[in-house]
Each structure stands twice: as C-alpha cells, then as structure tokens.
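K.L.:
Whole structure, please, built from the sequences with the hints as guidance.
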Amino acid sequence: MSIKDKLTALLSSLRPQNPQPQEPEAAPQAPAQRPAPAAAFSGPLAVELPPDHPIHQLYELRRQESGPLPPVRLFLDPDGILPEELVRRESGRLETFLSQICAARLREASGKKKAKDSGKKAGEEGGEALPSLDALPCFFLSADKLYAWVLTLPPVRGGAELSRGALRRAMDMEKLAYGIDEGAVDRLPHDSEKYFHLFLIAQGKPAFDGKNGNIVEHFPRVVERTLQADEYNQVDYTALNLIHNVKEGEEICRLILPTEGEPGRTVLDQVIPAKGGRAVPLPKGRNTEISEDGVSLVASIAGHVEFTGQSFQVKPVLDVPENVDFSTGDIHFLGDVNIAGDVLSGFSVQARGSIHVGGVLEAGCTVEAGGDLVVVKGIWGDGSTVIRARRSVFSKYIENAEISARENLQADCIVNGSIYAGGQVQVNSGRGAIMGGRVWAGKRVLAKTVGSPAECRTAIVLGGMPCATFERDRLRREMRDLQAEQERLEGQPGSQARSSLLQKAQARISGVEIKLKHAEAELEETGWSLEDENQGRLECGVAYSGTEIISGSQVLRLRTESRQCVATVLNGEIVLM
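For the sequence shown, the working numbering begins at 963 and goes up steadily by one.
Careful: at least some of the hints might be erroneous.
[To be verified] In silico lysine to aspartate or glutamate, EDC-like type, Cα no more than 16 Å apart, as pairs: (1) Lys1246 / Glu1213; (2) Lys1237 / Asp1171; (3) Lys1405 / Glu1369; (4) Lys1479 / Asp1435; (5) Lys1466 / Asp1443; (6) Lys1167 / Asp1231; (7) Lys1167 / Glu1224; (8) Lys1339 / Glu1324; (9) Lys1358 / Glu1324; (10) Lys1246 / Glu1179; (11) Lys1410 / Glu1523; (12) Lys1466 / Glu1449; (13) Lys1167 / Asp1106; (14) Lys1167 / Asp1143; (15) Lys1209 / Asp1281; (16) Lys1479 / Glu1440; (17) Lys1107 / Glu1136; (18) Lys1466 / Glu1440; (19) Lys1237 / Glu1224; (20) Lys1339 / Glu1284; (21) Lys1466 / Glu1452; (22) Lys1173 / Glu1224; (23) Lys1246 / Glu1212; (24) Lys1477 / Glu1440; (25) Lys1410 / Glu1501; (26) Lys1209 / Glu1251; (27) Lys1246 / Glu1210; (28) Lys1466 / Glu1447; (29) Lys1137 / Asp1231; (30) Lys1173 / Glu1222; (31) Lys1477 / Asp1435; (32) Lys1107 / Asp1231.
By construction, these hints were calculated from the structure, which means they are not laboratory data. Here the structure is a predicted model, which means the values were calculated and not measured.
P.N.:
Rendered as structure tokens:
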C-alpha cells in the first residue's frame, strides 16, 4: 500500500460515521476532493521543503481535525537580526532535523510505532486504537549552540494543546537553561500561529577574543627619501628632513596592552572559552630604555631616531653650527652629522649615519656618508672632490665632482660630473640638464636634456654595478699610487725616516689590498663584468649630438639631436625608441 493510500485510510478512520448509506460510498472520493497541502511560506532565507515532506502530511492531518490553518512558515530569522551567513549555514541542518522529527511524529500518529511493539499492524483486528498525541515542542540548536529555535507539532486526535508548562518541561528535558526569551515562552502557547512555525526561543552569548597588543609610534619606521618638484618645477632641498631628533627621556613609542577575552555561554549554559590578546614587545634598540611602567620606549640619549628593521635606536647627532673649516677640523662621527654651513676645500667629513649640509661642498673636500647625503646648495668640485654615500645623494647642483651613491641620486643640474648610482639618476627638476662628464646608473637615467648644443661629450652608461665598479677602480688607482710611492722610498738611501715611511706605505698597501679583494669578490659573486650585456634605460626630453649611450661593450653615439629620447637595451643592442 502506498503512503497516499495509507494516509487516505487514516483520514477516513478519523471521520465521524454517518448512519446514512451514501456516506461510505462518498468516502473513497475524499482524497480527490481535499486541497493540496499548504506550501511553506516562502521569502528571503526561508527553508524550502518538497511537497512530499512529512511536515505537509502532518499539516494536512491537523487541518482535517481543526479546520483552516496558517501556512507552514519556516524562517530561521524572520526579523533579520541574525548574521546571514549563520542562517544560510543552518538551513541545511534544519531541513534534515525537520525530516527526522516529522517522519517520527507521522509514524507515531499512524500507530506504527506501537503496532510494531505489539507485533500487529495498525488497524488490524485485535490491535489497539490509534493513539492520541499531545502537542510536541521540538528544539533545533545551531551548530555552535548559540541559538535555539522551537517548532511545535500540533496535537493529534484530541491530545493536549501546547501549554506553558508543557513548553517549560520540554525545555528542561532539552537542557535549555541560558538566554531564554521568557516573553516568547509566555506568548507562544496563546499564539494563533504556534504550530508549524519556527520561533527563536533562546540566544546564547558568543565569546569575544581579546585584542592583540599594539604599538603607537611617534617616529616613522620608513623615511621617504624622495623630493618632489613644485608647480614651478623647483625642488626644495631643505625639505628632505632625514634626521629625526629626539631629546633624552622623550617617548619614542608607546605600548597598548592586550585585552583579555570575554568568555561566552551556549543556550545549554555551557562556557565558551575565549582567547586573550597576544602581547607584543617594545622594539628596544641601542640607546633606548623601557619606562618603569613597562609601556613606553624612551631615548636614553639625545640624538636621531632610526628604525633598523627590528628595533628603534637612537644615534647621536653632531650639530656643526657653522662651516667645517679650521675651527672644527676634519669630522669623523659614528652617528648623523648636521652641518649648518659649508664644507671647505681640503677638509673631510665621514659619518656612519646621514649627513646634512646646509651650504655647499667646496672643491677638494671629501665626504663619506654611511646613510644619505643632502647638500642644500650644491657640490662644486675641481676633479679631486670625492663624495660617497651608502644610500642616496640629494644636491641642488653637481659640478666637476666624483660621486658614488649605492641607491639613487637627484639633482637639478650635473656639469662634468662622474656619477655612479646603483639605482636611478634623476635630473628632471629645475634646469634638468646633464652636460659633459659620465653618468652611470644601474637602473635608469631621467633628465630634461643630455649634452649641449655645443656637442660637449656626455656619456650615459646603463645597467651593471656602478658603485662596485667605482670602488674597484678607485682602489686600483690608489694601489698603483702606493706601489709607486713604495718603489720611490725603496730607491732612497737608508735612514730612520725612510724606514718609518716605508713601513707606513706597506701598511697602507695591505689595507688597500684587503678592500680591493672585497670589491672584486662583490663583482664576482654577481657574475657581472664590463663585457656583459646589461639592462638599463635612458629617458630625456632632448639628447644632443655628442652624447654617448653605453651598455657593456655596446656604444651608441648620437650624430644628430634626438627629442623625446628613450634608449634601452634589447637583445644585447642599444635601441632608441
């Protein structure tokens, strides 16, 4: 017998018997005359069930007993107060839950469960009458036990309607004990739509993990070492503030402590543990100390704040209020140097940090910076001026100077300079001209004009390792000079002065040999040589005749003026684009 026939027989047995003979003949037509089971109320995020779902059969059974009913309404979140992701995730579980409880209720209503226990079929002669069932509250809990819904199945064959006491007893059996909506518990037994509808009956308390600790910094970790031209295409070289001064005891950064997590509770009154926030350490470096309360990092000396990649450290800053001249002598400093005036001819400034010069570098001076070098007014050389920086160089103009910058170089004008930059050479502000000399950039050269209408020889070298090659060539020249000095001393008559000078020369030769081996090893590790075909790029508004573009062994000499010139290396050849 099919389910449809069984349901028809069940409904027929529930109808009151009429003594007139025509009623039994009309009974078989009852299934065809009944309307189809009411579909579940549909809408956003509603749970859709198929027409043959057991809940529709229970609905039809209740309608036959009590008359018209509101449609089945299966909304997990009818008021739109729950997270949409939660509702979508729980909809699949709810459908499985409904299938199980409705199928079990349908079997119980048809007497199959009791008949099975007695060994007889439902309705069989000698079997017991079909059971009377009270209203049944069924509870659906979310997977995280933070939400509980109730769906009440109606009574069958005169069973007891839903009451507050029955609802509370069912909740106790389900062990629902936290976050109960008492108002819903009071209203539900009197609600006209209490059956076949979902009601949110309890809400737990979610756990909240603590926030991780954080650090509020008063000094930047990364210093932007770039200068921007204004609307008049002028660059203010005083605006590149690379030195961030700090006073002794001044706060560098402050620690925000982590917070403890807030445990939650499920609707079953079970504790949901929460994680506490993760603490972060203060980035303590050289010449800094942690305050007594443990939340501040302060400077232990006055100086310049710098972030080294893992910690803040304070470097001492040497302030020179005027020129570097006979009043100061040569400067050798482990930190940063801030010079308000000029560096005069014949004097040397060496610093492990950055150097800021408010004036000019005169011809014949020597400046070596372990960080950046900023020269507000410019560099004026005579061919013997040597400037080196481990990072970048920024100068208003450069003339007749030999400069090596491991990163970038930026200026308004370069005249007869010997420039070596590992990154890019940018000369496109102000006059934006490169005239004469040799400019070698590892990546790119940007300029307004290269060369001059007078066709002065200007060489632009692209790609490679300019700074490493510069160091190697400089050390080779120094080695030749020292060896020549040694030979000259060895040819002199023996004397105490000669022996002392010879020992000094030999010591200097040994030191230069070590540096030369290091420079040559640096080039060998990269596998690069002057004969390699290197990549680089030149971009300029005008390149005049007499300009040479070099890459490795390739040389391109411009015979005519070239506007909007872009030169690059393709397949080992220099190509103008």
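K.L.:
All the hints need checking, so say for each whether the structure fits it.
P.N.:
Against the structure, the hints come out as follows:
1. About 12 Å separates the Cα atoms of Lys1246 and Glu1213, which keeps this hinted pair within 16 Å; it holds.
2. Distance restraint check for Lys1237 and Asp1171: the Cα-Cα separation of roughly 5 Å lies within the 16 Å cut-off, and the hinted pair is therefore satisfied.
3. Our distance criterion of 16 Å between C-alpha atoms is met by Lys1405 and Glu1369, whose separation comes to about 10 Å.
4. The straight-line distance between the Cα atoms of Lys1479 and Asp1435 is roughly 12 Å, inside the 16 Å bound, and the hint therefore holds.
5. For a cut-off of 16 Å, the pair hint linking Lys1466 to Asp1443 stands: about 14 Å separates their Cα positions.
6. This hinted pair checks out: Lys1167 and Asp1231 have alpha carbons roughly 10 Å apart, not beyond 16 Å.
7. Restraint check for Lys1167 and Glu1224: satisfied, since their Cα atoms lie roughly 10 Å apart, inside the 16 Å limit.
8. Between Lys1339 and Glu1324 the CA atoms are separated by roughly 11 Å; this keeps the pair inside 16 Å, and the hint holds.
9. Taking the CA atoms of Lys1358 and Glu1324, the gap is about 13 Å. The hint holds against a cut of 16 Å.
10. For the hint linking Lys1246 to Glu1179, the alpha-carbon distance of about 12 Å falls within 16 Å, and the restraint holds.
11. Between Lys1410 and Glu1523 the alpha-carbon distance is near 13 Å, which keeps this suggested pair within the 16 Å criterion.
12. About 13 Å separates the Cα atoms of Lys1466 and Glu1449, which keeps this hinted pair within 16 Å; it holds.
13. At most 16 Å may separate the alpha-carbon atoms for a hinted pair to count; Lys1167 and Asp1106 meet this at roughly 11 Å.
14. Under the criterion of a C-alpha separation no larger than 16 Å, the hint pairing Lys1167 with Asp1143 is consistent with the structure, at around 13 Å.
15. Pair hint Lys1209 plus Asp1281 holds up; C-alpha atoms about 14 Å apart against a cutoff of 16 Å.
16. For the suggested pair Lys1479 and Glu1440, the alpha carbons sit about 13 Å apart, so the restraint of at most 16 Å is met.
17. The straight-line distance between the Cα atoms of Lys1107 and Glu1136 is roughly 12 Å, inside the 16 Å bound, and the hint therefore holds.
18. Simply put, Lys1466 and Glu1440 have alpha-carbon atoms about 15 Å apart, close enough for the 16 Å limit, and the pair holds.
19. Of the supplied pair hints, the one linking Lys1237 and Glu1224 holds, its CA atoms being roughly 8 Å apart against a limit of 16 Å.
20. The hinted pair formed by Lys1339 and Glu1284 meets the criterion: a straight-line CA distance of about 15 Å does not exceed 16 Å.
21. Between the alpha carbons of Lys1466 and Glu1452 the distance comes to roughly 13 Å, so the proposed pair stays at or under 16 Å and holds.
22. With a C-alpha separation of about 11 Å, the suggested pairing of Lys1173 with Glu1224 holds against the 16 Å cut-off.
23. Of the supplied pair hints, the one linking Lys1246 and Glu1212 holds, its CA atoms being roughly 14 Å apart against a limit of 16 Å.
24. Taking the CA atoms of Lys1477 and Glu1440, the gap is about 11 Å. The hint holds against a cut of 16 Å.
25. Under the criterion of a C-alpha separation no larger than 16 Å, the hint pairing Lys1410 with Glu1501 is consistent with the structure, at around 8 Å.
26. Between Lys1209 and Glu1251 the alpha-carbon distance is near 13 Å, which keeps this suggested pair within the 16 Å criterion.
27. Note on Lys1246 and Glu1210: the hinted pairing holds, with a Cα-Cα distance of about 15 Å set against a maximum of 16 Å.
28. For the suggested pair Lys1466 and Glu1447, the alpha carbons sit about 11 Å apart, so the restraint of at most 16 Å is met.
29. Proximity of Lys1137 to Asp1231 is assessed by CA-CA distance (about 8 Å); at most 16 Å being required, the pair is judged to hold.
30. About 7 Å separates the Cα atoms of Lys1173 and Glu1222, which keeps this hinted pair within 16 Å; it holds.
31. A C-alpha spacing of about 11 Å is found between Lys1477 and Asp1435, which places the hinted pair at or below 16 Å, so the restraint holds.
32. With a CA separation close to 9 Å, the supplied pair Lys1107 and Asp1231 stays within the 16 Å bound.
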